[in-house]
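Visitor: Make the full structure from the sequences, and use the hints.
With our numbering, letter number 53 in the sequence shown gets 53, and the count goes up by one each step, no holes.
Be careful, since some hints might not be right.
[Stated by the list, open to error] Quick list of simulated restraints, FRET-style, between CB atoms: (1) 159 with 30: 30 to 38 Å; (2) 96 with 7: 22 to 30 Å; (3) 29 with 115: 34 to 42 Å; (4) 12 with 145: 26 to 34 Å; (5) 6 with 97: 34 to 42 Å; (6) 2 with 115: 42 to 50 Å; (7) 118 with 156: 32 to 40 Å; (8) 137 with 65: 32 to 40 Å; (9) 144 with 28: 38 to 46 Å.
[Unchecked claim] With a Cα cut of at most 27 Å, we get these calculated DSS-like pairs of lysine-lysine: (10) 40 with 3; (11) 103 with 40; (12) 23 with 3.
It should be emphasised that the hints constitute simulated quantities derived from the structure, not laboratory data.
Yeah, the Cβ is synthetic: ideal placement off N, Cα and C, and Gly gets one too.
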Amino acid sequence: MEKIASFTVDHLRLLPGVYVSRKDTVNGAVITTYDIRMTKPNDEPVMNTAEVHAIEHLGATFLRNHETYRDRVIYFGPMGCRTGFYLLLSGDDDSADIVPLLKEMFAFIAGYEGDIPGASPKDCGNYLDMNLPMARYLARRYLDNVLLSISEEQLTYPGAC
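Guide: So, in structure tokens, the structure goes:
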């Protein structure tokens with residue numbers, strides 16, 4: 001079997017950042033998959049499921065209610081390795097193009113107070129596995145340490161392995 005594209009990224013050199021993972025064309029429309037990498041793979045501890053789950057609920061709610069992007073959102077969810085998230089949007093944009101959106105989203109998560117949207121037994125299959133304080137901490141850390149001063153190196157994947 002051929003290696004899929006995401007397994008050809010050199011995870012030893014990958015920094016926290018925002019990357020275009022792939023671009024697909026479906027019925028003539030471009031779908032862009034973004035790699036929102038919050039931790040340095042194989043170096044920093046991975047995020048626990050409770051905070052990942054809270055970020056997923058808050059991020060998806062924010063994106064699907066965003067005045068400009070809501071009709072372009074296809075998916076927002078965690079990576080299995082728990083080092084970040086994937087965001088799929090319709091459109092042919094680059095990593096730098098969505099940084100303002102991500103700044104808004106992570107500021108929203110970092111400052112969020114109250115009940116997490118969808119965190120009830122009726123709305124979610126694992127509603128008790130949420131950690132809002134850690135989600136807020138990780139969102140603030142990513143916003144401050146990555147998004148507010150993002151470099152070109154954090155917008156373009158390192159060479160393939």
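Visitor: Within 34 to 42 Å or not, the Cβ separation of residue 29 and residue 115?
Guide: At roughly 35 Å between Cβ atoms, residue 115 and residue 29 fall inside 34 to 42 Å, so the hint holds.
Visitor: With respect to the beta-carbon atoms only, verify the hint that residue 118 and residue 156 lie 32 to 40 Å apart.
Guide: holds, 34 Å
Visitor: Between residue 40 and residue 3, is the straight-line Cα distance small enough, at 27 Å or below?
Guide: Answer holds: residue 40 to residue 3 is near 22 Å, not above 27 Å.
Visitor: Quick one, are residue 23 and residue 3 close enough, alpha carbons at most 27 Å?
Guide: Satisfied, since the Cα-Cα distance of roughly 17 Å is no more than 27 Å.
Visitor: Has the hinted range 26 to 34 Å been met by the Cβ atoms of residue 12 and residue 145?
Guide: Once the Cβ atoms are compared, 20 Å apart, the range 26 to 34 Å for residue 145 and residue 12 is violated.
Visitor: Measuring from beta carbon to beta carbon, are residue 159 and residue 30 in 30 to 38 Å?
Guide: violated, 24 Å
Visitor: Sort out whether residue 40 lies within 27 Å of residue 103, counting only the CA atoms.
Guide: Given pair residue 103, residue 40 holds - Cα atoms ~19 Å apart, limit 27 Å.
Visitor: That 32 to 40 Å hint for residue 137 and residue 65 (C-beta), does it hold up?
Guide: Cβ of residue 137 to Cβ of residue 65: about 23 Å, so the range 32 to 40 Å is violated.
Visitor: Assuming the hint says 34 to 42 Å, is it satisfied by the Cβ distance from residue 6 to residue 97 or not?
Guide: violated, 20 Å
Visitor: Falls inside 22 to 30 Å, the C-beta gap from residue 96 to residue 7?
Guide: Holds, since residue 96 and residue 7 (Cβ atoms, about 25 Å apart) stay within the stated range.
Visitor: Given the hint of 38 to 46 Å, check if residue 144 and residue 28 actually sit that far apart at their C-beta atoms.
Guide: Distance hint for residue 144, residue 28 holds at roughly 40 Å.
Visitor: Can you let me know if the beta-carbon spacing of residue 2 and residue 115 is within 42 to 50 Å?
Guide: Since the Cβ atoms of residue 2 and residue 115 sit about 45 Å apart, the hinted range of 42 to 50 Å holds.
Checked against the numbered hints given earlier, the structure breaks hints 1, 4, 5, 8 and satisfies all the rest.
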